[in-house]
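S.K.: Residue numbers (our numbering): 1 to 490.
Worth flagging that the hints you see were computed from the coordinates, not collected in a lab. As the structure is a computational prediction, the values presented were derived from the model and not from experiment. Keep in mind that a hint or two might mislead.
[Unchecked claim] Below, in silico cross-link-like pairs of lysine-lysine (BS3-like), each with a Cα-Cα straight-line distance of 27 angstroms or less: (1) Lys215 <-> Lys198; (2) Lys366 <-> Lys324; (3) Lys195 <-> Lys446; (4) Lys289 <-> Lys237; (5) Lys215 <-> Lys237; (6) Lys446 <-> Lys435; (7) Lys198 <-> Lys262; (8) Lys262 <-> Lys432; (9) Lys195 <-> Lys215; (10) Lys324 <-> Lys289; (11) Lys366 <-> Lys195; (12) Lys289 <-> Lys366; (13) Lys432 <-> Lys446; (14) Lys198 <-> Lys289; (15) Lys432 <-> Lys198; (16) Lys323 <-> Lys289; (17) Lys237 <-> Lys323; (18) Lys237 <-> Lys195.
[To be verified] Computed Cβ-Cβ distance ranges for the label pairs, DEER-style: (19) Arg145 <-> Arg443: 34 to 40 angstroms; (20) Glu338 <-> Leu214: 39 to 45 angstroms; (21) Arg295 <-> Ala202: 29 to 35 angstroms; (22) Thr42 <-> Ser139: 24 to 30 angstroms; (23) Asp473 <-> Asp244: 54 to 60 angstroms; (24) Asp433 <-> Ile389: 18 to 24 angstroms; (25) Thr213 <-> Arg443: 21 to 27 angstroms; (26) Gly45 <-> Thr213: 25 to 31 angstroms; (27) Ala297 <-> Gln367: 48 to 54 angstroms.
Ideal Cβ placement from N, Cα and C applies to all residues, glycine included.
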Amino acid sequence: HNSRVWVDFPSLQLCWALYDLPATVHDRLSLLDLSQCTHRPTSEGQHAGAFFVDVYGQASGVDTSADGQGAPRGLRSESGAVFRPPGRPGRGAQAQHRDSARKVLVNTSQPPPSLTVVGAAGNDALREFAEALVSLLASRDSEGRRGLEFIQKRLFQYLWMHSGTSFNEEQLYEAQAVLAFNLEPRQGVAYLRGKLGKGTDAEVGEWLAQMSTLKGGLDPTMLGTYFSRRDTLEVFKSFVRCLDFRNSDLVAALRLLFDTFKPGGEGQVITRILEMFAEAYFVQWVSHKDVISPRTAYSNPESVEQVAVSLIMLNTGLHVAPKKNAGKRITGAIMTAEEYIQNTRRVVGPEQVPEEALRAWYEAVKQAEISVEPLPRAAFSKLPVQPDIEGWLVAVERPQVQHRYWAVLALQRLYLFSDSNEVEPADAIDLKDAKVVAVHDDRACKERFLHDLHSAKTMCMCFAPKGRADLPDADMRAFEVTIQATKGPA
């Protein structure tokens, strides 16, 4: 059973829970009561190849272990399964019994750890989590509990201040535009036009090229999806003209092109893209043809396009098709250099592209694929975006049904991510036309919340987690989001 382990600064606790569930009161350790944290890889026995993180309390004695792997954001870590020893009644989401887990904790000369997290030895995120926890405890021991309490009291103030001071206004708008584009390209472009004043297709294309090649951050797959639409032709023309093809032969230029974005759709999309690429490449080639090797003598952009198409077909035959048909019986041999030259000669003569150039390109493509296939999308946490604020929220649907989410407030939206997917949000609440009310400040809202909390009626409430079903002071910590169009809680 996959689980999550994290440090909850608002409560100054180390917490753990099964995926998407909040930590119960029994699945928490106070940071003030922890004595030490150790971590080590193992190379022997049944746990060879594992990485252990042991957390000890001032009086360790709770036999709890979690088997899993780390997560990448701050003091957060994923874990795979949580066990309790036989004979101890299970409490909370982690009531799982495994004799094998107990063997990790007994027969040692020192008291057993209060919590053990086990993951793969190559799990860098789990190692970084352990190192961060060790540093945190060292800081607590040297500075006293006041340091932790200072963070606790000013955590959210720090997050808001950090968000406001780390970027200037233009940088903040750029980061928000990147975030919006990587989630939904059309919304990102709309934000770009509205906030950054990129009103023309040429300006949008120039900005996309700059972010793709110089500043980074745009998802190549989402950019390819955007350029696959016919209504983005003018934007793409501007985009491809801004790419620097100087001193690049045709294969190198194609690699640069498809490193910035991964086209989606059918073959006609690739053909349309290569047509506009050929026009942009030909203009730059004319000015630098004397320094580009191998030497060529293109007569017009159409010649460049024909050769580019032949190279993409070669790339498909050598790399893409074999991967797609792995394990299947395929008729016909892989294209040879002679066959490639013969096919290309049907569209362009040796006076424009000598045989030496074709042979050199054949070998270059054979040795290294021109990557045109869509890539796995980047995790939200890897995007170069500064959220307004982020942290754990618990959605209460009814007394015994609750879900924990990593919530990110950015671009006037509240994105809710489950533990199992850091790329696609489980839900996104648009706050542009929403009303947010603190439950304790609104009598009607408080009545709705308490009614929902103790009835079968379903409603979503979010607040700082403090255990499932046992929610002391919930009405003081909860807030309600109402979408104005529906007049109902989101």
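S.K.: Would you mind marking each hint as holding or not holding in the structure?
M.R.: Status of the hints after comparison with the structure:
Our distance criterion of 27 angstroms between C-alpha atoms is met by Lys215 and Lys198, whose separation comes to about 17 angstroms. Only pairs whose Cα atoms come within 27 angstroms are accepted, and Lys366 paired with Lys324 is accepted, the gap being roughly 17 angstroms. A C-alpha spacing of about 37 angstroms is found between Lys195 and Lys446, which places the hinted pair above 27 angstroms, so the restraint is violated. Taken as a hint, the Lys289 and Lys237 pair is honoured in the structure, with Cα atoms around 22 angstroms apart against an allowance of 27 angstroms.
The suggested pairing of Lys215 with Lys237 holds, with an alpha-carbon distance near 20 angstroms, which does not exceed 27 angstroms. Simply put, Lys446 and Lys435 have alpha-carbon atoms about 15 angstroms apart, close enough for the 27 angstroms limit, and the pair holds. Taking the CA atoms of Lys198 and Lys262, the gap is about 23 angstroms. The hint holds against a cut of 27 angstroms. For the given pair, Lys262 sits about 32 angstroms from Lys432 by alpha-carbon distance, which is inconsistent with the 27 angstroms threshold.
Our distance criterion of 27 angstroms between C-alpha atoms is met by Lys195 and Lys215, whose separation comes to about 19 angstroms. At roughly 37 angstroms between alpha-carbon atoms, Lys324 and Lys289 are farther apart than 27 angstroms, so this suggested pair is violated. For the proposed pair Lys366 and Lys195, the alpha carbon gap of about 45 angstroms is over 27 angstroms, so the pair is violated. For the suggested pair Lys289 and Lys366, the alpha carbons sit about 24 angstroms apart, so the restraint of at most 27 angstroms is met.
Taking the CA atoms of Lys432 and Lys446, the gap is near 23 angstroms; set against the 27 angstroms cutoff, the hint holds. Among the hinted pairs, Lys198 with Lys289 is inconsistent with the structure: their alpha-carbon atoms are about 33 angstroms apart, more than 27 angstroms. Of the pairs offered as hints, the one joining Lys432 and Lys198 holds, with about 22 angstroms between alpha carbons and a cut-off of 27 angstroms not exceeded. Distance hint between Lys323 and Lys289 is unfulfilled; the C-alpha atoms sit about 35 angstroms from each other, more than 27 angstroms.
For the hint linking Lys237 to Lys323, the alpha-carbon distance of about 31 angstroms lies beyond 27 angstroms, and the restraint is violated. Distance hint between Lys237 and Lys195 is fulfilled; the C-alpha atoms sit about 23 angstroms from each other, no more than 27 angstroms. Separation of Arg145 from Arg443 is about 38 angstroms and conforms to the stated range, judged on CB atoms against 34 to 40 angstroms. Here the CB-CB span from Glu338 to Leu214 is close to 41 angstroms, well matched to the stated 39 to 45 angstroms.
At roughly 33 angstroms, the beta carbons of Arg295 and Ala202 sit within the given window of 29 to 35 angstroms. Checked against the given bound of 24 to 30 angstroms, the beta carbons of Thr42 and Ser139, roughly 28 angstroms apart, stay inside it. As the Cβ distance of Asp473 to Asp244 is approximately 59 angstroms, the hint placing it in 54 to 60 angstroms holds. At about 20 angstroms, the CB distance of Asp433 to Ile389 agrees with the hint of 18 to 24 angstroms.
Look at Thr213 against Arg443: about 56 angstroms separates their beta carbons, and that is not inside 21 to 27 angstroms. The hint said 25 to 31 angstroms for the Cβ distance between Gly45 and Thr213, and at roughly 50 angstroms that hint is violated. A hinted range of 48 to 54 angstroms is violated for the C-beta pair Ala297 and Gln367, which are about 25 angstroms apart.
Figure legend: structure checked against the earlier numbered hints; hints not met, in rising order: 3, 8, 10, 11, 14, 16, 17, 25, 26, 27.
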